[in-house]
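Engineer: Per the working numbering, the sequence shown starts with residue 1, numbered consecutively.
In short, the hints are calculated from the structure, not lab data. Given the structure is predicted, the values throughout are model-derived calculations rather than measurements. All C-beta atoms in this analysis are idealised placements derived from N, C-alpha and C, irrespective of residue type, glycine included. Accuracy of the hints is not assured; some may be wrong.
[As the list claims (entries may be wrong)] DSS-like, lysine-lysine: derived pairs with alpha carbons at most 30 Å apart: (1) K96 - K204; (2) K115 - K99; (3) K115 - K102.
[What the hints assert, rightly or not] Derived CB-CB ranges, DEER-like: (4) M29 - S153: 44 to 50 Å; (5) T111 - E194: 22 to 28 Å; (6) D145 - Y77: 41 to 47 Å; (7) L179 - S153: 38 to 44 Å; (8) V127 - I98: 28 to 34 Å; (9) G105 - M142: 52 to 58 Å; (10) Y104 - E141: 50 to 56 Å; (11) Y77 - V127: 20 to 26 Å; (12) F37 - Q103: 45 to 51 Å; (13) S131 - G105: 40 to 46 Å.
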Amino acid sequence: MKKESIGITIWRIIYTILIFLGVDTILTMFVMYGYMFYEMFQMGLESFANMDSETLVQMTQELTEKIMNFTYANSLYITIARCAIVAPILFMLMRKDIKRDKQYGRYKEYTPYNKAFLLVLPVLGIVSALSFNHVVMMGLEMLQDLINWILRSLPNGEFAIDLFETFNETSGIIYSGNLFVQIVATCIGAPLVEELLFRGLVYKRMRTKFKVLPC
């Protein structure tokens with residue numbers, strides 16, 4: 001039986017994560033820079049050359065805000081695109097891992113399972129994901145109300161703060177789109193890539209070399 005060094009095992013874990021991060025970064029930057037050049041073309045490149053420094057700074061700030069809002073608004077589409085790119089790569093790596101495990105004599109057959117249950121899993125995943133998102137939002141609202149109630153109970157406490165303003169604005173932008181896109185991105189695409197990356201590759205590769213401690 002062949003043996004794999006710890007260094008090779010660690011590298012196989014690291015490069016898998018780097019592939020995901022690399023695709024995500026490149027895809028996000030492609031969207032951001034693509035929209036930036038589109039906006040600059042719409043405004044006219046000559047207009048930037050004729051601006052004074054103060055106006056240029058203001059226009060740059062406005063353009064940056066537009067880019068960020070555009071990226072947030074299309075984050076679900078970016079998630080779907082990332083899944084379409086990364087998932088086949090991860091599937092290919094998993095197939096190579098099976099061949100590698102057989103070569104090293106550590107391959108194990110999985111026990112049979114009811115394939116009809118796979119039809120139920122997507123429905124359960126969609127319902128669970130949407131329900132969890134609503135529970136998180138309700139929990140944050142309750143926490144915000146509690147904090148403001150405490151502030152108002154203090155001497156001269158006639159003010160309130162919004163600790164989750166940025167989070168609420170971002171969530172509102174992200175989840176204001178098409179429901180079908182939300183389901184595909186958050187209930188199918190993102191969980192699929194997460195399972196393939198962490199459970200199918202990272203955890204499995206760690207398990208072949210390191211002991212798993214029971215929780």
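Engineer: Run every hint past the structure and note whether it holds.
Structural biologist: Against the structure, the hints come out as follows:
Simply put, K96 and K204 have alpha-carbon atoms about 13 Å apart, close enough for the 30 Å limit, and the pair holds. Straight-line distance between C-alpha atoms of K115 and K99 comes to about 24 Å, which keeps the hinted pair within the 30 Å bound. In summary, the hint linking K115 to K102 is supported, as the alpha carbons are separated by about 25 Å, within the 30 Å threshold. Taken as a hint, the range 44 to 50 Å holds for the pair M29 and S153, whose Cβ atoms sit roughly 47 Å apart.
With their beta carbons about 23 Å apart, T111 and E194 fall inside the hinted range of 22 to 28 Å. One distance hint, 41 to 47 Å for the beta-carbon pair D145 and Y77, is violated here, with the actual separation near 34 Å. Remark: the range hint 38 to 44 Å for L179 to S153 is upheld by a beta-carbon distance near 40 Å. The hint said 28 to 34 Å for the Cβ distance between V127 and I98, and at roughly 32 Å that hint holds.
In this structure, G105 and M142 meet the distance hint of 52 to 58 Å, their C-beta atoms being roughly 54 Å apart. Separated by about 52 Å at the C-beta atoms, Y104 and E141 satisfy the suggested range of 50 to 56 Å. As the Cβ distance of Y77 to V127 is approximately 23 Å, the hint placing it in 20 to 26 Å holds. Taking the beta carbon of each, F37 and Q103 are about 48 Å apart, inside 45 to 51 Å as hinted.
Checked against the hint of 40 to 46 Å, the pair S131 and G105 passes, with Cβ atoms roughly 44 Å apart.
This entry does not satisfy hint 6, going by the numbered hints stated previously; all others are met.
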